[in-house]
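Novice: Listed here are the chains, written in short residue letters.
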Amino acid sequence: GAVVSQHPSWVICKSGTSVKIECRSLDFQATTMFWYRQFPKQSLMLMATSNEGSKATYEQGVEKDKFLINHASLTLSTLTVTSAHPEDSSFYICSATSQDHPSGEQYFGPGTRLTVT
Amino acid sequence: GDSVTQMEGPVTLSEEAFLTINCTYTATGYPSLFWYVQYPGEGLQLLLKATKADDKGSNKGFEATYRKETTSFHLEKGSVQVSDSAVYFCAPSNAGGTSYGKLTFGQGTILTVHP
Chain P
1 GAVVSQHPSW VICKSGTSVK IECRSLDFQA TTMFWYRQFP KQSLMLMATS NEGSKATYEQ
61 GVEKDKFLIN HASLTLSTLT VTSAHPEDSS FYICSATSQD HPSGEQYFGP GTRLTVT
Chain Y
1 GDSVTQMEGP VTLSEEAFLT INCTYTATGY PSLFWYVQYP GEGLQLLLKA TKADDKGSNK
61 GFEATYRKET TSFHLEKGSV QVSDSAVYFC APSNAGGTSY GKLTFGQGTI LTVHP
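Quick mapping for you: the protein sequence lines, in order, are chains P and Y. Under my numbering, the residues of the first sequence are numbered 1 to 117, in order. Under my numbering, the residues of the second sequence are numbered 1 to 115, in order.
Rather than coming from a laboratory, the hints here were simulated on the basis of the structure. Hints are supplied without guarantee of correctness; some may be wrong.
What the hints assert, rightly or not - 30 Å max Cα-Cα, derived DSS-like pairs, lysine-lysine:
1. Y/Lys77 to Y/Lys60
2. P/Lys41 to Y/Lys77
3. P/Lys64 to P/Lys14
4. P/Lys20 to P/Lys64
5. P/Lys20 to P/Lys41
6. P/Lys41 to Y/Lys56
7. Y/Lys52 to Y/Lys68
8. P/Lys66 to P/Lys55
9. P/Lys41 to Y/Lys60
Start from the sequences and build out the full structure, keeping to the hints where you can.
Specialist: Set out below in structure tokens:
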């Protein structure tokens, strides 16, 4: 149980285009989803927290207009990187929590490798 | 805010060696504590957890004990295998306030096990 998927697993796009990444909880309802960014050989940086049906809460320094997050249902959250540039190239990982797990563990997706050329 | 200090890597061991990865944290309240593992090119997997003081989390031969008095959650394994080669992250879960449920990640410790 507690499986989280991400799609696509990798994507290459041209500078100036937008890319959408999907995060789905497959066998549970995710009350909260988190989006992280990970640079090579570094830790995870939390970008934003999203609760179903409400606006995402962004961490300091993360551009809301550039990284659009939508959490339309209890099983789906999307991250759209708008007008992508090479510096946005990174590994993006989502995670989800459920009220069924009150100790607060997060279940992570496999990640999406974004390369902007 | 909350913070985590993990043992710096990389850590290189021979198969069947004993492993310890130190982790200390600062946190508000009484967080749950987690160890996550990341294999190359993949997302994170929950390795083990402990939700209150003196709890011991264990999984796949790994263990960690929630030490409230020293605010530590050191990861140990008695005999490592090549397949344990990965990056290990210590992460307390924020226990209250507006950051409830957020994980604070350590910098990660790269473990390489040689045959």
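Novice: For a C-alpha distance cap of 30 Å, please report whether P/Lys41 and Y/Lys56 respect it.
Specialist: 29 Å, holds
Novice: Is the straight-line distance between the alpha-carbon of P/Lys20 and that of P/Lys64 30 Å or less?
Specialist: Cα-Cα ~15 Å, so holds.
Novice: Would the pair P/Lys64 and P/Lys14 pass a check requiring their Cα atoms to be no farther apart than 30 Å?
Specialist: 21 Å, holds
Novice: Between P/Lys41 and Y/Lys60, is the straight-line Cα distance small enough, at 30 Å or below?
Specialist: With Cα atoms ~24 Å apart, P/Lys41 and Y/Lys60 stay inside 30 Å; holds.
Novice: Against the 30 Å threshold, does the CA-CA distance of P/Lys41 and Y/Lys77 hold or violate the hint?
Specialist: Holds. P/Lys41 to Y/Lys77 sits at ~23 Å (cutoff 30 Å).
Novice: Is the Cα-Cα distance between Y/Lys77 and Y/Lys60 30 Å or less?
Specialist: 9 Å, holds
Novice: P/Lys20 and P/Lys41 were given as a pair; does the straight-line alpha-carbon distance stay at or below 30 Å?
Specialist: 24 Å, holds
Novice: When you check the alpha-carbon spacing of Y/Lys52 and Y/Lys68, does it fall within 30 Å?
Specialist: 8 Å, holds
Novice: Can the restraint linking P/Lys66 and P/Lys55 be considered satisfied, given a maximum Cα separation of 30 Å?
Specialist: Cα-Cα ~15 Å, so holds.
Checked against the numbered hints listed earlier, the structure breaks none of them; every hint is satisfied.
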